[in-house]
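Protein chains in written order, with the numbering used here: chain A, 1075 to 1429; chain B, 1075 to 1429.
In short, the hints are calculated from the structure, not lab data.
Heads up, some of the hints might be wrong.
[What the hints assert, rightly or not] Taking lysine to any residue pairs in the SDA-like style, the calculated list, with each CA pair at most 20 Å apart, reads: (1) B:Lys1348 / B:Gln1231; (2) B:Lys1188 / B:Lys1280; (3) A:Lys1118 / A:Lys1306; (4) A:Lys1398 / A:Lys1410; (5) A:Lys1234 / B:Gln1231; (6) B:Lys1234 / A:Lys1306; (7) A:Lys1348 / A:Lys1400; (8) B:Lys1179 / A:His1228; (9) A:Lys1077 / A:Pro1340; (10) A:Lys1410 / B:Pro1226; (11) B:Lys1280 / A:Lys1348; (12) A:Lys1410 / B:Glu1154; (13) A:Lys1280 / A:Pro1340; (14) B:Lys1077 / B:Lys1348; (15) A:Lys1179 / B:Lys1348; (16) A:Lys1280 / B:Arg1229; (17) A:Lys1280 / B:Leu1107; (18) B:Lys1177 / A:Tyr1411; (19) B:Lys1410 / A:Gly1291; (20) A:Lys1179 / B:Lys1159; (21) A:Lys1252 / B:Thr1237; (22) B:Lys1410 / A:Lys1252; (23) A:Lys1280 / B:Pro1226; (24) B:Lys1410 / A:Asn1361; (25) B:Lys1179 / B:Pro1226; (26) A:Lys1410 / B:Ile1425; (27) B:Lys1410 / A:Gln1429; (28) A:Lys1280 / B:Lys1159; (29) A:Lys1379 / A:Phe1173; (30) A:Lys1234 / B:Phe1173; (31) B:Lys1280 / A:Pro1225; (32) B:Lys1234 / A:Gly1291.
[Said to hold, decoys possible] Okay, the calculated beta carbon distance ranges per label pair: (33) B:Asp1418 / A:Gln1138: 34 to 42 Å; (34) B:Asn1283 / A:Glu1221: 46 to 54 Å; (35) B:Glu1182 / A:Lys1077: 49 to 57 Å; (36) A:Pro1366 / B:Glu1346: 47 to 55 Å; (37) A:Pro1366 / B:Lys1379: 26 to 34 Å; (38) B:Lys1379 / A:Asn1135: 17 to 25 Å; (39) B:Glu1182 / A:Lys1359: 51 to 59 Å; (40) A:Gln1429 / B:Lys1093: 27 to 35 Å.
Virtual Cβ for every residue (Gly too), placed ideally from N, Cα, C.
2 protein chains.
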Amino acid sequence: MEKEKVVDRLTLIGKEVLKYVQNQEFPIIKLPLRSVTNVIYDNKQKIVKLGDKFVIRKSSNVRQAKIFSQLLWIAYFAKENLLLKDRSCSLRDLYYNSFNDIKIKFEEQDESDKLVVELETILGCPRENFNIIPEEKSSIFGDLTVEYMSPPTHRGQRVKLTTDPDGKNIGLSLATVKFVECNAKIVIAIEKGAIFRRFVEEQVYKKLNAILIDTGGQAPRFTRMLIKRLNKELGLPVYVLTDADPWGMHIARVIISGSAIAAHIPELATPEAKWLGIYATDIKKYNLPSIPLNELDLHRLETMKRDPRYEDRFWSSQIEFFEKYKQKAELEAFSKYGLTAIIDRYLIKKIKESQ
Amino acid sequence: MEKEKVVDRLTLIGKEVLKYVQNQEFPIIKLPLRSVTNVIYDNKQKIVKLGDKFVIRKSSNVRQAKIFSQLLWIAYFAKENLLLKDRSCSLRDLYYNSFNDIKIKFEEQDESDKLVVELETILGCPRENFNIIPEEKSSIFGDLTVEYMSPPTHRGQRVKLTTDPDGKNIGLSLATVKFVECNAKIVIAIEKGAIFRRFVEEQVYKKLNAILIDTGGQAPRFTRMLIKRLNKELGLPVYVLTDADPWGMHIARVIISGSAIAAHIPELATPEAKWLGIYATDIKKYNLPSIPLNELDLHRLETMKRDPRYEDRFWSSQIEFFEKYKQKAELEAFSKYGLTAIIDRYLIKKIKESQ
């Protein structure tokens, strides 16, 4: 969500509250219910989101009065001290800032964290959009020229995402750039840095006209925001490359459908993204060095079988194959055939098949 | 260590072995002993390093013959497939590559990992210098223009380290750049990304003419390599800013003196670097929100008291204060006084005091 829109929505929260007060009524705030009973999987849109149930925060309720004010303080802080001043802070920082700014202190960081999620739910956008940012490490490389919007020192500056062979950090500034010129045709999101580096060294970005993204494991939210933008704004197909194990499958699935924990901000999902593998069936097909699934892996597969995101025929068949073979394999396993085998023998073929 | 020198040393290993063979003798390789009995703290140099004890790997010994060949294979792979081809790989990758290239397989990755450390010891340089690289996430920002040496696609390209407000990734390429022009006067290494981001947003790099580094917790080896280079090649004073807890102290100490586990590559240490705090004594001085030390913290302090790196009067007194107060505090705790307090009230003053 664009900064102006977030500022508008934050202002609106205050205006609504003010209206109640002016009418001499206790203000209330209505927001979607964030409980498992209200998390649904939209099979058509292929995303996880919240249902129709709502909850109402009442300032008239003695037990809710404190968190009502705390919520308003966070909204105020996000607007005045962060967005309008072009500053950012972490969840931890926000907690410590409360020591100075309000009489009603948070006892534990846990309390302020929860209210940040509540604010996300009210606004319908991730906290990254109101500059409360996590420490995330993921990178991007490709033929895309961008223009920074933040911080003010860098606003208007342009940079091409091929200048940095170690990959450009995907932080607040990069996730909120304006796209200026893109000569890439596809996006490849990769689970790990070692393979990302290989792809940069072997010029996969040129060979396949691809923007490369290192998700650093489970893709952080800035990364998912950026992947979504590349797909939506530039119309680029997105491919996700992971290890052949339940965790790798889930990394791909979360990029495609979102996560249950972030069901209140479905805009992070990219339903058009495709999982390239490594599939369970590829382990035998390519005769890859493999490792037995451990108990944790098997338990994870059990959970996935009950998850509506995996009901799709292809995905559920891969879960079955994992359970049958009881083996997993990593992306690096292709190095059995030499350092570039993962590109020459696998990646290029898979992308062709997926198109 | 420069690439040419590493290639020379790798070649030398082969030549030495060849000499033995030509003389119809079983080859041997002599290397410093990497056991605790041979790890010493050089009080004058302020670094952890290996002592005078040596160990000899004999190809004539039946139990050693296999690892002798494996060690040679790794040296061969590092020279021919990595350095000379301008490629890099991870430890995991190296292990999988062995499946293809040699008859004598490693049973577990653990075995190849150990021999990589052995090769580091023989060469006297970190594996990063022979392109076996870890996944590390740390960043840099400042008025320094650099020229890339690797990969070949980027050789000769120049970039200023202020172009990227999210901080530039410190990977193989950035750690091995040539320094072209530096207008910064100091280096500030920071334990966490949230504060690094704050410093970029508040233009600390201008206010204090500083190169900023986010170590992302314990500084990864590429980061320590780069810090050392900034200090040695450019003569920049280095300051380390951490949380006020035993772990923060140790982050600073490892940058200054190196780690026991890397005693065989003392060139990563920067003895001239200074710890800026937050000191145990600052918690009360600045009336910072603090958290009780837990059992793990207290146990860590006990270990540090037996560590020669902490014998120095100031450092040992800080350990005593921690034990007395039984409290710790984070860098974000300064946000109690507002988002920029850590800069205005602490950083600027501390650097002046340290100069």
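Each hint tested on the structure:
For the hint pairing B:Lys1348 with B:Gln1231, the CA-to-CA distance comes to about 33 Å; that exceeds 20 Å, so the pair is violated. As the CA atoms of B:Lys1188 and B:Lys1280 are separated by approximately 44 Å, the hinted pair breaks the 20 Å bound. With a C-alpha separation of about 17 Å, the suggested pairing of A:Lys1118 with A:Lys1306 holds against the 20 Å cut-off. At most 20 Å may separate the alpha-carbon atoms for a hinted pair to count; A:Lys1398 and A:Lys1410 exceed this at roughly 24 Å.
Between A:Lys1234 and B:Gln1231, the direct Cα distance comes to roughly 13 Å. Compliance with the 20 Å bound is thereby established for this hinted pair. For the hint pairing B:Lys1234 with A:Lys1306, the CA-to-CA distance comes to about 32 Å; that exceeds 20 Å, so the pair is violated. Pair hint A:Lys1348 plus A:Lys1400 does not hold up; C-alpha atoms about 24 Å apart against a cutoff of 20 Å. Pair hint B:Lys1179 plus A:His1228 does not hold up; C-alpha atoms about 52 Å apart against a cutoff of 20 Å.
The hinted pair formed by A:Lys1077 and A:Pro1340 meets the criterion: a straight-line CA distance of about 18 Å does not exceed 20 Å. Between A:Lys1410 and B:Pro1226 the alpha-carbon distance is near 25 Å, which puts this suggested pair outside the 20 Å criterion. With a C-alpha separation of about 44 Å, the suggested pairing of B:Lys1280 with A:Lys1348 is violated against the 20 Å cut-off. Straight-line distance between C-alpha atoms of A:Lys1410 and B:Glu1154 comes to about 17 Å, which keeps the hinted pair within the 20 Å bound.
For the hint pairing A:Lys1280 with A:Pro1340, the CA-to-CA distance comes to about 32 Å; that exceeds 20 Å, so the pair is violated. A C-alpha spacing of about 30 Å is found between B:Lys1077 and B:Lys1348, which places the hinted pair above 20 Å, so the restraint is violated. This hinted pair does not check out: A:Lys1179 and B:Lys1348 have alpha carbons roughly 36 Å apart, beyond 20 Å. Of the pairs offered as hints, the one joining A:Lys1280 and B:Arg1229 holds, with about 17 Å between alpha carbons and a cut-off of 20 Å not exceeded.
Between the alpha carbons of A:Lys1280 and B:Leu1107 the distance comes to roughly 46 Å, so the proposed pair goes past 20 Å and is violated. A hinted pair counts as satisfied when its Cα atoms are at most 20 Å apart, and B:Lys1177 with A:Tyr1411 qualifies at roughly 14 Å. For the suggested pair B:Lys1410 and A:Gly1291, the alpha carbons sit about 34 Å apart, so the restraint of at most 20 Å is broken. Proximity of A:Lys1179 to B:Lys1159 is assessed by CA-CA distance (about 59 Å); at most 20 Å being required, the pair is judged violated.
For the hint pairing A:Lys1252 with B:Thr1237, the CA-to-CA distance comes to about 16 Å; that is within 20 Å, so the pair holds. Proposed proximity of B:Lys1410 and A:Lys1252 is contradicted: the alpha carbons are some 34 Å apart, above 20 Å. Restraint check: the Cα-Cα separation between A:Lys1280 and B:Pro1226 comes to about 14 Å, which is no more than 20 Å; the hinted pair holds. Pair hint B:Lys1410 plus A:Asn1361 does not hold up; C-alpha atoms about 58 Å apart against a cutoff of 20 Å.
Annotation: proposed proximity of B:Lys1179 to B:Pro1226 is violated, straight-line Cα distance about 32 Å (limit 20 Å). Restraint check for A:Lys1410 and B:Ile1425: the C-alpha separation of about 51 Å exceeds 20 Å, so the hint is violated. Distance restraint check for B:Lys1410 and A:Gln1429: the Cα-Cα separation of roughly 54 Å exceeds the 20 Å cut-off, and the hinted pair is therefore not satisfied. Distance hint between A:Lys1280 and B:Lys1159 is fulfilled; the C-alpha atoms sit about 19 Å from each other, no more than 20 Å.
Taken as a hint, the A:Lys1379 and A:Phe1173 pair is broken in the structure, with Cα atoms around 45 Å apart against an allowance of 20 Å. Taken as a hint, the A:Lys1234 and B:Phe1173 pair is broken in the structure, with Cα atoms around 39 Å apart against an allowance of 20 Å. At roughly 14 Å between alpha-carbon atoms, B:Lys1280 and A:Pro1225 fall within 20 Å of each other, so this suggested pair holds. Simply put, B:Lys1234 and A:Gly1291 have alpha-carbon atoms about 29 Å apart, too far for the 20 Å limit, and the pair is violated.
At about 37 Å, the beta-carbon gap between B:Asp1418 and A:Gln1138 stays in the expected band of 34 to 42 Å. Between B:Asn1283 and A:Glu1221 the CB atoms are about 27 Å apart, so this pair departs from the stated range of 46 to 54 Å. Range check, B:Glu1182 to A:Lys1077: Cβ separation about 51 Å, and the 49 to 57 Å hint holds. For the hinted restraint 47 to 55 Å between A:Pro1366 and B:Glu1346, the CB-CB distance of approximately 50 Å keeps it satisfied.
The hinted range of 26 to 34 Å is not satisfied by A:Pro1366 and B:Lys1379, whose Cβ atoms lie roughly 44 Å apart. Taking the beta carbon of each, B:Lys1379 and A:Asn1135 are about 52 Å apart, not inside 17 to 25 Å as hinted. For the hinted restraint 51 to 59 Å between B:Glu1182 and A:Lys1359, the CB-CB distance of approximately 25 Å leaves it violated. A C-beta distance of roughly 56 Å is found between A:Gln1429 and B:Lys1093, which places it outside the suggested range of 27 to 35 Å.
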